[in-house]
Amino acid sequence: MKALAALIGGLLFGIGLALSGMIVPEVILSFLYLEDLGLLFVLGGAVVVTLLFYQLVPRLRKKSLDGHEFGTKRVSIDKRLVFGSALFGVGWALSGVCPGPALAGLGAGNFAMGFVLVGMLAGAYVEKFFR
Amino acid sequence: MVVELFPLGIWHYLIGGLIIGLGMGIAYLMSGIVAGASSLFTVLWSFVDKKFCNKDMLASRDWRIYLAIGTVLGGFVFMLFSGASSTQIEWWRLLLGGFIAGLGARMANGCTSGHGICGLSSLQLSSLISVVIFLVVALITANVLRMVGV
Numbered sequence: 001m002k003a004l005a006a007l008i009g010g011l012l013f014g015i016g017l018a019l020s021g022m023i024v025p026e027v028i029l030s031f032l033y034l035e036d037l038g039l040l041f042v043l044g045g046a047v048v049v050t051l052l053f054y055q056l057v058p059r060l061r062k063k064s065l066d067g068h069e070f071g072t073k074r075v076s077i078d079k080r081l082v083f084g085s086a087l088f089g090v091g092w093a094l095s096g097v098c099p100g101p102a103l104a105g106l107g108a109g110n111f112a113m114g115f116v117l118v119g120m121l122a123g124a125y126v127e128k129f130f131r
Numbered sequence: 001m002v003v004e005l006f007p008l009g010i011w012h013y014l015i016g017g018l019i020i021g022l023g024m025g026i027a028y029l030m031s032g033i034v035a036g037a038s039s040l041f042t043v044l045w046s047f048v049d050k051k052f053c054n055k056d057m058l059a060s061r062d063w064r065i066y067l068a069i070g071t072v073l074g075g076f077v078f079m080l081f082s083g084a085s086s087t088q089i090e091w092w093r094l095l096l097g098g099f100i101a102g103l104g105a106r107m108a109n110g111c112t113s114g115h116g117i118c119g120l121s122s123l124q125l126s127s128l129i130s131v132v133i134f135l136v137v138a139l140i141t142a143n144v145l146r147m148v149g150v
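Chains as they are written, first to last, in our numbering: chain B, 1 to 131; chain G, 1 to 150.
Some hints here could point you the wrong way.
Under the rule of at most 27 angstroms between Cα atoms (straight-line distance), these lysine-lysine pairs were calculated in the DSSO-like manner [to be verified]: (1) G/K51 to B/K128; (2) G/K50 to B/K62; (3) B/K63 to G/K55; (4) B/K2 to B/K62; (5) B/K62 to B/K128; (6) B/K128 to G/K55; (7) G/K50 to B/K128; (8) G/K51 to B/K2; (9) G/K50 to B/K2; (10) B/K79 to B/K2.
In short, the hints are calculated from the structure, not lab data.
Can you build the whole structure from these sequences, using the hints too?
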C-alpha cells in the first residue's frame with residue numbers, strides 16, 4: 001500500500017504543480033522578479049492543507065491506514081542546512097525549476113526538463129563529496 | 001497607479017496549491033509518508049552504489065520512486081487537458097541550475113517540497129530557516145542575473 005499511497009500522492013502533487021504553473025520556469029522567474037506573487041498562494045494553499053493532515057491525523061489515529069508509523073521531517077540546523085539552502089536558491093533562480101516541477105514538467109511533455117533532471121542527478125552525486 | 005501583484009489572478013495558484021497539499025496529506029494518511037521530491041536523486045544513485053544512502057533512505061527507495069512516477073503522471077494528466085508545457089529558458093541554465101539546486105537540496109536535506117511544504121507543515125524551525133534562505137537568495141540571484149543581462 002506504501003507504493004499506492006506514493007503513487008496517488010505523487011499524482012495529485014504533479015497535477016497541482018502543473019495547474020499552478022510551477023512547471024513553467026517563466027512563472028517562477030516572474031515571481032522572483034516580483035512581477036506576479038501568485039506563487040505565495042501555491043505555497044500557502046499547499047501548507048495549509050498539509051498542515052491540517054500532519055497535525056490532525058496523528059491525534060486521531062496511532063498509525064496510518066496501512067499500519068505504518070507516521071513519518072516526520074527532522075533536519076538539524078547547521079552549516080549544511082544554511083549553505084545547501086543558499087545553493088538551492090541560486091540554482092532555482094538560474095533554471096526556474098525545482099525538483100517536483102522538473103518531474104511534473106517532463107510528464108507534461110516539456111522534454112527540456114530532461115536537462116534539469118540530469119543536472120539534479122549530477123548534483124546529488126557530487127553532494128557525496130561534501131558529507 | 002496601483003501595482004498589480006497578481007496579473008494572472010489567484011485562483012489557479014490557490015487551487016493548484018490545495019491539490020498539492022491534498023496529495024501530501026493523502027500519502028501521509030494512507031501510509032505515513034512525509035514526501036519531499038529531491039531525495040529521489042540520492043536514492044537513485046543507490047542502484048549504482050548501495051553505500052550512497054543510509055539505511056533509512058534505502059528503506060524509502062521504492063516509495064520515493066513511486067512518488068516520482070506519480071508526479072510525472074500528474075503532469076501527463078494535466079497535458080491531456082491543457083496541451084504540452086514548454087519553456088524558452090536556455091538549456092545551459094536548466095542544466096547548470098539543476099546541478100546547483102540538486103547539490104544544494106541534498107546538502108540541506110530538502111527542497112521546495114521537503115522543507116517548503118512538509119517541513120513547514122511539521123512546524124520545523126530548520127525548514128523555516130531553509131525556506132527563508134532559499135527564497136531570499138533566489139530573489140537576489142534572479143534579479144542580479146536579469147540586471148547583468150543573463
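How the hints compare with the structure:
no., hint, in the structure
1, G/K51 to B/K128, "10 angstroms, holds"
2, G/K50 to B/K62, "32 angstroms, violated"
3, B/K63 to G/K55, "22 angstroms, holds"
4, B/K2 to B/K62, "17 angstroms, holds"
5, B/K62 to B/K128, "36 angstroms, violated"
6, B/K128 to G/K55, "15 angstroms, holds"
7, G/K50 to B/K128, "13 angstroms, holds"
8, G/K51 to B/K2, "24 angstroms, holds"
9, G/K50 to B/K2, "22 angstroms, holds"
10, B/K79 to B/K2, "33 angstroms, violated"
When the structure is compared with the earlier hints, violations turn up for hints 2, 5, 10 and for no others.
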